[in-house]
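Colleague: Chains as they are written, first to last, in our numbering: chain A, 1 to 495; chain B, 1 to 495.
Hints listed in this document are in silico derivations from the structure and should not be mistaken for laboratory results. No residue lacks a Cβ here, since even glycine has one placed at the ideal position from N, Cα and C. The reader is advised that the hints may include incorrect statements.
Distance condition first, Cα-Cα at most 27 angstroms in a straight line; then the derived DSS-like pairs of lysine-lysine [unchecked claim]: (1) B:Lys99 with A:Lys433; (2) A:Lys18 with B:Lys10; (3) B:Lys163 with A:Lys99; (4) A:Lys433 with B:Lys18; (5) A:Lys430 with B:Lys224; (6) A:Lys277 with A:Lys265.
According to the in silico footprint, chain B covers these stretches of chain A (three or more CB under 8 angstroms from chain B) [stated by the list, open to error]: (7) 44 to 58; (8) 154 to 165; (9) 314 to 323.
Label-pair distances were calculated between CB atoms; the ranges are [stated by the list, open to error]: (10) A:Asp292 with B:Arg127: 37 to 43 angstroms; (11) A:Gly287 with B:Arg82: 29 to 35 angstroms; (12) B:Ala284 with A:Lys180: 55 to 61 angstroms.
Protein chains: 2
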Amino acid sequence: MLETAEVGNKLDKETYKKDAPEVRTALLSVQQRIATTDLAPVIVIAGAEGAGKSETVALLHEWMDARGLETNVLWEPNDEERERPEYWRFWRMLPARGKIGIFFGSWYTQPVVQYALGKIDGAEFERCMGRVRGFERMLAAEGFPVLKYYLHLSKKAERKQLKTLFADPATRWRVHENAKKFFKRYDDFRHAAEEQLRLTSMDFAPWTVVEAVDDEYRNMTVAKSLLRSLEVAADDAEARAKAGRPKISSASPRPKRRNVLRTLKMDRTLSGKQYDKRLVTAQADLGRLTRDLAAAGRSLLALFEGPDAAGKGGAIRRLTAAMSPYLYRVIGIAAPTDEERAHPYLWRFWRHLPRRGRVTIYDRSWYGRVLVERLEGFAKAEEWQRAYTEINDFEEQMAEGGIILMKFWIAITAEEQLQRFKERQHTPFKQYKITEEDWRNRKKWDGYEAAACDMIERTSTSAAPWTLVEGNNKRWARVKVAESVRDRLAAELAS
Amino acid sequence: MLETAEVGNKLDKETYKKDAPEVRTALLSVQQRIATTDLAPVIVIAGAEGAGKSETVALLHEWMDARGLETNVLWEPNDEERERPEYWRFWRMLPARGKIGIFFGSWYTQPVVQYALGKIDGAEFERCMGRVRGFERMLAAEGFPVLKYYLHLSKKAERKQLKTLFADPATRWRVHENAKKFFKRYDDFRHAAEEQLRLTSMDFAPWTVVEAVDDEYRNMTVAKSLLRSLEVAADDAEARAKAGRPKISSASPRPKRRNVLRTLKMDRTLSGKQYDKRLVTAQADLGRLTRDLAAAGRSLLALFEGPDAAGKGGAIRRLTAAMSPYLYRVIGIAAPTDEERAHPYLWRFWRHLPRRGRVTIYDRSWYGRVLVERLEGFAKAEEWQRAYTEINDFEEQMAEGGIILMKFWIAITAEEQLQRFKERQHTPFKQYKITEEDWRNRKKWDGYEAAACDMIERTSTSAAPWTLVEGNNKRWARVKVAESVRDRLAAELAS
Numbered sequence: 001m002l003e004t005a006e007v008g009n010k011l012d013k014e015t016y017k018k019d020a021p022e023v024r025t026a027l028l029s030v031q032q033r034i035a036t037t038d039l040a041p042v043i044v045i046a047g048a049e050g051a052g053k054s055e056t057v058a059l060l061h062e063w064m065d066a067r068g069l070e071t072n073v074l075w076e077p078n079d080e081e082r083e084r085p086e087y088w089r090f091w092r093m094l095p096a097r098g099k100i101g102i103f104f105g106s107w108y109t110q111p112v113v114q115y116a117l118g119k120i121d122g123a124e125f126e127r128c129m130g131r132v133r134g135f136e137r138m139l140a141a142e143g144f145p146v147l148k149y150y151l152h153l154s155k156k157a158e159r160k161q162l163k164t165l166f167a168d169p170a171t172r173w174r175v176h177e178n179a180k181k182f183f184k185r186y187d188d189f190r191h192a193a194e195e196q197l198r199l200t201s202m203d204f205a206p207w208t209v210v211e212a213v214d215d216e217y218r219n220m221t222v223a224k225s226l227l228r229s230l231e232v233a234a235d236d237a238e239a240r241a242k243a244g245r246p247k248i249s250s251a252s253p254r255p256k257r258r259n260v261l262r263t264l265k266m267d268r269t270l271s272g273k274q275y276d277k278r279l280v281t282a283q284a285d286l287g288r289l290t291r292d293l294a295a296a297g298r299s300l301l302a303l304f305e306g307p308d309a310a311g312k313g314g315a316i317r318r319l320t321a322a323m324s325p326y327l328y329r330v331i332g333i334a335a336p337t338d339e340e341r342a343h344p345y346l347w348r349f350w351r352h353l354p355r356r357g358r359v360t361i362y363d364r365s366w367y368g369r370v371l372v373e374r375l376e377g378f379a380k381a382e383e384w385q386r387a388y389t390e391i392n393d394f395e396e397q398m399a400e401g402g403i404i405l406m407k408f409w410i411a412i413t414a415e416e417q418l419q420r421f422k423e424r425q426h427t428p429f430k431q432y433k434i435t436e437e438d439w440r441n442r443k444k445w446d447g448y449e450a451a452a453c454d455m456i457e458r459t460s461t462s463a464a465p466w467t468l469v470e471g472n473n474k475r476w477a478r479v480k481v482a483e484s485v486r487d488r489l490a491a492e493l494a495s
Numbered sequence: 001m002l003e004t005a006e007v008g009n010k011l012d013k014e015t016y017k018k019d020a021p022e023v024r025t026a027l028l029s030v031q032q033r034i035a036t037t038d039l040a041p042v043i044v045i046a047g048a049e050g051a052g053k054s055e056t057v058a059l060l061h062e063w064m065d066a067r068g069l070e071t072n073v074l075w076e077p078n079d080e081e082r083e084r085p086e087y088w089r090f091w092r093m094l095p096a097r098g099k100i101g102i103f104f105g106s107w108y109t110q111p112v113v114q115y116a117l118g119k120i121d122g123a124e125f126e127r128c129m130g131r132v133r134g135f136e137r138m139l140a141a142e143g144f145p146v147l148k149y150y151l152h153l154s155k156k157a158e159r160k161q162l163k164t165l166f167a168d169p170a171t172r173w174r175v176h177e178n179a180k181k182f183f184k185r186y187d188d189f190r191h192a193a194e195e196q197l198r199l200t201s202m203d204f205a206p207w208t209v210v211e212a213v214d215d216e217y218r219n220m221t222v223a224k225s226l227l228r229s230l231e232v233a234a235d236d237a238e239a240r241a242k243a244g245r246p247k248i249s250s251a252s253p254r255p256k257r258r259n260v261l262r263t264l265k266m267d268r269t270l271s272g273k274q275y276d277k278r279l280v281t282a283q284a285d286l287g288r289l290t291r292d293l294a295a296a297g298r299s300l301l302a303l304f305e306g307p308d309a310a311g312k313g314g315a316i317r318r319l320t321a322a323m324s325p326y327l328y329r330v331i332g333i334a335a336p337t338d339e340e341r342a343h344p345y346l347w348r349f350w351r352h353l354p355r356r357g358r359v360t361i362y363d364r365s366w367y368g369r370v371l372v373e374r375l376e377g378f379a380k381a382e383e384w385q386r387a388y389t390e391i392n393d394f395e396e397q398m399a400e401g402g403i404i405l406m407k408f409w410i411a412i413t414a415e416e417q418l419q420r421f422k423e424r425q426h427t428p429f430k431q432y433k434i435t436e437e438d439w440r441n442r443k444k445w446d447g448y449e450a451a452a453c454d455m456i457e458r459t460s461t462s463a464a465p466w467t468l469v470e471g472n473n474k475r476w477a478r479v480k481v482a483e484s485v486r487d488r489l490a491a492e493l494a495s
């Protein structure tokens, strides 16, 4: 691919000067349009050392309104970033809708450098690029168009460019300390770049390769290409806004006659005596094990799903009672804030990922996307369908980042739920737990059951299996949850 | 003060068991009420090692809904925190309205420990407590009631308690490694605590001293006191909500005949040649100096205020053109997001404070509180009046944290503004800059002038003086800004 950008493209200074004001006005104007849409374009500037990445970013800042631009440079990860999965820092840097994010260095940087230097092999590099594809597919689908520019220099041109920059004290600082070292391996870097382009050129996130020998040509090519892409994106967004939100089918899925939830032995039970004994033992172990998390550089994330009144809160309290209150945080999922809505769906969950040594417990979770949001039509079919993949990827990244993830589905029967609703209405300090919505949801019991089965089937991965808990007997459920967490922690921390 | 909590208060287990359910129900219920108000109580748990701080926090978690509690423990600051002013981490941990924040360790911890160990003297300790008072006064005024509990043990009781905890392997981990060391200096810590209580017991943020020998007495005393305080706060908030927002006077202030803005020589001007020469020199220096910021462990924050069309954006672009685009960020102040509204006024500015080595430029700033919000009645008189103090304190903390703060007021005359408004309407890529609101604001010219004069008078401190810029001639203004930043950076980085 790259040889197409070694043909000596140039732009004379007069044409550049003549065209610049018009392109600039158009860029400002499309930026203004973007600000009123639900888009947040993500611009990746990659390429060879000395190819003018930094000048290109400076140009965009000069020609556009800097208040709407957020430029991110990938320095070494800081300690908050190091204690979380690799992509946490990228999620954290995503622009809010209406803004434009510029990435100078990105999710490509580490894999490409490591592959070029032979620190990872081709298979691992392909795996990394697979993750990139998933990430960019999600971004594009969520209204974050990904526009990628690769600034290229031939070997000869790069040698000359580095020499020129280094000779002048005014520009020497711009040559990264690694540039000379990397240049010695030009061919390896070129090969890695070719692979990067091959593996991640997608219709929804295309690479534009730009010959970067001539400053005017490079600047104008990037500016015009960006302008076109932004205009297309703005046109689409405006047309979508005009068309209004499509009517979403509210047909509930039907559960299969035999499904994983119906195979649960719902008559499991524990006596008060058994319960006390087993819970106390499990809690003592949990106290010790969660204190050991920090030393092991691990963290725990436990999430709870299940019908209303399944006993999620009670199970959670039996867990937290065993832990130091400053180690854990319980997050109840409410409506997203407007900052959360201004980002891709999973953003609000990424932002709360625990640091090493901590425990985060979700009372309901990202699975709302494929449960309530699917059932109630808050998410479009396209949205909740791709959520399975996005969630699996999210959870795989947690596992890689040292997070021990446990997912609990607490099951109860419809009859048991009715019983508990009635009880809640008659107990003063439980009344706040029961709302009109609970009664409404109950009417869709079958739909929720079917959606839950789909969810369990599609997101029970080896890295993050679901634990199904028979919940009709609260004692049984609480002990099963506490012991499951205990056993998993013990196994993980022993290994 | 503390001897009142050495009298042997106890509560028998029967009474405790009998009262507990009622207190628990009431706490849950008041927590539900808080969730619907604009309050976010801040609970500080302080006291001696072994006095049961951690048990008290655990009790609150057990008795209340953990989903509405955010418990913060002050570990060692991490690197993001170390690179910002001391209070950044406290601001960052503030609960959002409707939640309850529990601080286990707080803004008191470091000063008290350092004072007790003789690492800071009494004067410095008083200065620290002064800062605490300002912080808590702001919190209380913003709807963040501050409720502080000091759990006390006499020397004898603490010795016994530490021995007991340490003897049992199950509780040994709860004794902080410093506890024994600190106990040897019990008298110093007691003296520091007495001073802490004396200096920071305020009507709007009272300390409750609790004798902590007996677990049941300690738990019940904290729980009941907290319950009362939360109920009072909820009552007040509900009464306020019912009364509705008070009508705010929209009378504009009148400027004095002689004021600091009218003394500016508005006919200052630069020729094109002078401008080019001086700007290029200043920009070259700025490029170099901003690159040196990181090595010096400093950062730069420049903010711009002034009438519409004063040329803030143009002056900012001449600054940023000189800087590496990945060193700076330009923040344009728009309406706050709902997460921002859920926190005290200055929160949205604290959250963007630059890390070391970075440059943050505000196009409009926190001074909106005493300018547009004052003039348009968005802030109550009480709110914008106390903002002067809060802002001065904020800026003092920046200076202490190594942030070089520059504040620019770009002045233009009313005639010049009219000229520029007209020009903007006729230039395609400037049209987006002019709105109906600009014309409306213009009608209140005198009010804005008077408010600006009040602001300059009350917030020009030695740590953060205002730089007034004669802005009728854009060349003059841009060069003055660039050279001012250059000179300040040169002076700061030389010292």
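Colleague: If you check each hint against the structure, which ones fail?
Modeller: 2, 3, 8 and 12
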